[in-house]
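Undergrad: One letter stands for each residue in the lines below.
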Amino acid sequence: MTVDLSALWRDLRIGWTIAYGEALDLWRRNDSRRQRAIYGFLALLVLPAMLLLVKQGYALGATTADGADVPIVATARNLLLPGLVAFAVLGGLGAVQSLARDPVQPLLLTSAPTRAIVVGNLLYLLGTWLVPMCLVAVPLVAYAVGAAAPLFPVAAIVFGIPLLFVTLLIGLTLAYLVWVGIERLGLPEYARRIVTASVTLIVFVLAFTGGFLSGQASATVDQLPTGDPATPLGWYADLLFVGSPVADPLGWQTLFAAALVFAAIPAIFAVQVRIAPAFWYATPKTADEDDTEPSGGRPVFEQTPSATIGRQDGLLSRSATLRAGLGYVRGAVRRPDQYVYLLYYLFPVLAVLLPIGLETPALLGPTLGGSLVVLGVWLAGGVVCLNPLGTEGAMLSQLVLARTPARTFVHARLLVGVCLGLAVGLAGAVLYLATGPFITLGRTLAVVPLLVGVVVTSAAFALGIGSALPKFETTEVFDSVETVAPSIIAALIHGGVTLLATCLAVALGALLTTPETPLSGWEGIAAFGLFCVVMLVVTDGSRRYAVARLRNYGRMRVEPGGLFHVYASLVLAVGAVVVGQAVGSSVALLVGLDRPVALLLPLLFVAEYAGYVLVVAGFLYVTRRGRAYLDVCRPSRRDLLLGLGGVTVSVGVWAVASLLISGLGLPVADHPLFSAEEGDPWLLLALVPLVLFVNAPVEELLYRNVVQKYLGERFSPTTAVMLASALFALAHVPAYLGNNILATGVTLSLLFAVSCVWGTVYLRTENVLVVAGVHGCYNVLLVAGAYLATV
Amino acid sequence: MYPPQGDGAGRSEAAGEAAIAASGLSKRYGETLAVSDLDLTIPQGSVYGFLGPNGAGKTTTIEMLTSLLPPTSGDASVMGVPVSERDRVKQHLGYLPHEPPVYESYTAREQLAYAADIRNLDISTSDDRIDTLLDRIDLLDVADERIGTYSQGMRRKVGLVQALLHDPDVAFLDEPTSGLDPRASRTVIDLITEQVTTGTTVFLSSHILPVVEELADTVGVLYEGELVAEDTPTALIERTESETGQGTLEAAFLDITTDERAL
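As they're listed, the protein sequences go chains A and B.
The first sequence maps to residues 1 to 791 in full-length UniProt numbering.
The second sequence maps to residues 1 to 263 in full-length UniProt numbering.
Treat the hints as calculated values from the structure; they're not laboratory data.
Hints may contain errors.
To be verified - So, partial list: chain A residues that the calculated Cβ filter (under 7 angstroms) puts toward chain B: (1) Ser6; (2) Leu8; (3) Ile14; (4) Ala19; (5) Gly21; (6) Arg28; (7) Ala100; (8) Arg101; (9) Val104; (10) Thr110; (11) Thr114; (12) Ala278; (13) Tyr281; (14) Lys471; (15) Glu473.
For clarity, every value in this text was computed on a predicted model and none was experimentally measured.
No residue lacks a Cβ here, since even glycine has one placed at the ideal position from N, Cα and C.
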């Protein structure tokens, strides 16, 4: 057999074009402003953890530069094969339908050589795995730098990529075989869908159980499996450590394993070129376009929610919400296959249940109960709420134009979600109560209502996040069922946040009812109240946003009404604190916390406020308000006079407040900046430029130019000033944590009063520079006062 | 074994062969017989109009002839190459499916360059041809805007150019003029006519009967998976005229595709 090299080169080139084309399309499709802002926000939150890994990697490298006492390579030899099998299954199953999903599939299948399409598919698959793996490579490089082993990351990458490639190749080839086999069974359409959808779940369960059992077995024999690997392939692991301090000299086994891997690539590739077409052409993927069958694709409600309106008697004839809800239930019952993506929720549940069931079967009951509670919370949002716009399909434009108000449809989804979530969650709670430990009557009475609240919040929050990140295109769920599944990011955020809320609710309920609780009575009530308020705000805010998005679907701006502006401002204020902390801790990790305070303090100060600026920029970007929203201009003479007045009045307020406080003998909470630096008065002076040029302008930008102005779009100027000032005061709560409640209250009241003065100055001048100057001068005067007091 | 496409080499190689030939071609989906025992012989350089009501099996037939769908029974060949030899048959094909296969995030120019690349066309000549064709169908002004912003008709035109870009021996066009306004339809019809003069055989499926009437040398009518009539448009019209008194292809279509059992 002769190999036609020029044809091979041509197919590789065309394959590259195919992979690059698909990747470019993927990149360009994810370009909505909201998506970008949310991805950016998530990236910022992950940044500190990433930096910590880099730092730890470097430190580990530095300490183990002369070799480590842990048999890493021997362990890797043993774990290589199980790891690769899991990876092959994941990668192969996930990619088997990628051609069918490609919009240019008919073009490819009628133009490009088969081998080129196989190459294109593989390269694209490899790329989608390599991109996230770059994140792994970063700490690896940090380790190599620390260990002064420059060859190590190069070797790991050079030898790692072929291994990855051959694994994906095998996985994909096996997946093709399995799928073609299922197609050939000649099952009816529904059965085929369910079988293919379950394959991934079954494989996951098997792999997880197997992995757990083998881990358990090896843990009982020895801590780590360090013997010779069972298969020759395991020796390939040595290549991944070439150049590192822990590397062993390469033996003949390793060379044999490498030869095996490199010989396998062309062989398996050739097999796949033979098999893949059988799959591409066997699947009835063109059935949707074929006019011999009714078109599928988008889920079609057999009875649309609005079609049921006005046709029932009794309660249903009176409540449009109930009728719409019934429509959603009917849609779900008649086309259950559109909800196959819900099986994904079973993965984490099984991942908890399996090990516990295998290890201590006695705990299975309460664990199942607890898992069902979490599942209930997830399903409350996951079923009908997580993609309220996308799942309407072609009905969406009708709903927007319908006379029935948008809130009817949103509330109907909320109702269905809550009912379903409560049914599953309460069943789980009952199971736990029947079998689980730590149960008292008081605790049950505290936790169960909190969980009911979490279920409602979950459904509402899903509506909100699902409206913010709608998904209209269909996807292949479990590579078998084409449906409009919710956006993955929306699902992850919803799942994460509601899981956190569930844990908090349980912890709070337990904490309040434990006799040896560390919380005092008032603190307990405050914590309980705070939790309830946050839940309430999230629920109502999400609900309002979902209604507004549906009502204003297709318009550039969403106008969700007054109260929503308050919630959005709250989100901005909290978001600024969170992002500020994320940026601050990233910088701290980068420079290291062991630097002199004179360097660290200004740096962290600036970094934190840089986070505020990011939030402001994100707000202007996502809401398309743009730079024109900023009121920055050269101050007029009148502005300067107003500014001067503002400084005078705010200092006056401070003086009067101080007199009142000392007169009444009230406690005051000290700002940590002032109290911490008592020993070093010079540092206080160093704060002056920071306060003047960083703190004041940035805070005013956020609280006056964004929050107050945004609130002013809906409320009267006075209300906007008061609300923005309240938020400004509340945002300072973290700074005064640890002081007693009364002292904090007194200080926050003073902040509120001063902030109202600044809000008025901004209102009159409409120039953020002036009010930043006023705020800066006031702060400088306070710092100067503190300096004089300490000197 | 797989020469660069578009040099017309295939045409001389297969001289004398029918452009499309099918015998006993059938496709069954479960219980439904979508296409039943279809025989076709379409000479090179001609235009074959393929008519039939919704659900008659036109798309299934095209997919079998373009090698996308394996037939349940029967054989077919394009330019003398059996459709089962996919990699060889692809070299002779251009295909515009019902939904044009384009990336919405690409511009028309990028999409066509992509199509040229995966067909291994010579870059410098294909760039010229892309410009010429885009100009020909009045898309040159918007050639650098994303296809996602195009109207349905503009997308269809991009899909058509994509199918004709490599000067194929046989072009399968599924509804090339649907969604086009009269002027755009005219441009497309002229483009197809021009393409035929270079020797391309066109297999044209359409509901728009005047287009078929103008372009087709032969018309085949598919009804419930069976080829119920095949003749020149004039002959079909004359036959209907003598029966019903109406002399249009529309009348012929309605006459032929009326279920006789239902009468």
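Undergrad: A separate judgement is required for each hint: does it hold in the structure or not?
TA: Now for the hints, and whether the structure bears them out:
no., hint, in the structure
1, Ser6, "10 angstroms, violated"
2, Leu8, "11 angstroms, violated"
3, Ile14, "5 angstroms, holds"
4, Ala19, "11 angstroms, violated"
5, Gly21, "5 angstroms, holds"
6, Arg28, "4 angstroms, holds"
7, Ala100, "12 angstroms, violated"
8, Arg101, "12 angstroms, violated"
9, Val104, "4 angstroms, holds"
10, Thr110, "4 angstroms, holds"
11, Thr114, "6 angstroms, holds"
12, Ala278, "9 angstroms, violated"
13, Tyr281, "6 angstroms, holds"
14, Lys471, "15 angstroms, violated"
15, Glu473, "10 angstroms, violated"
Hints 1, 2, 4, 7, 8, 12, 14, 15 from the earlier list are contradicted by this structure; the remaining hints agree with it.
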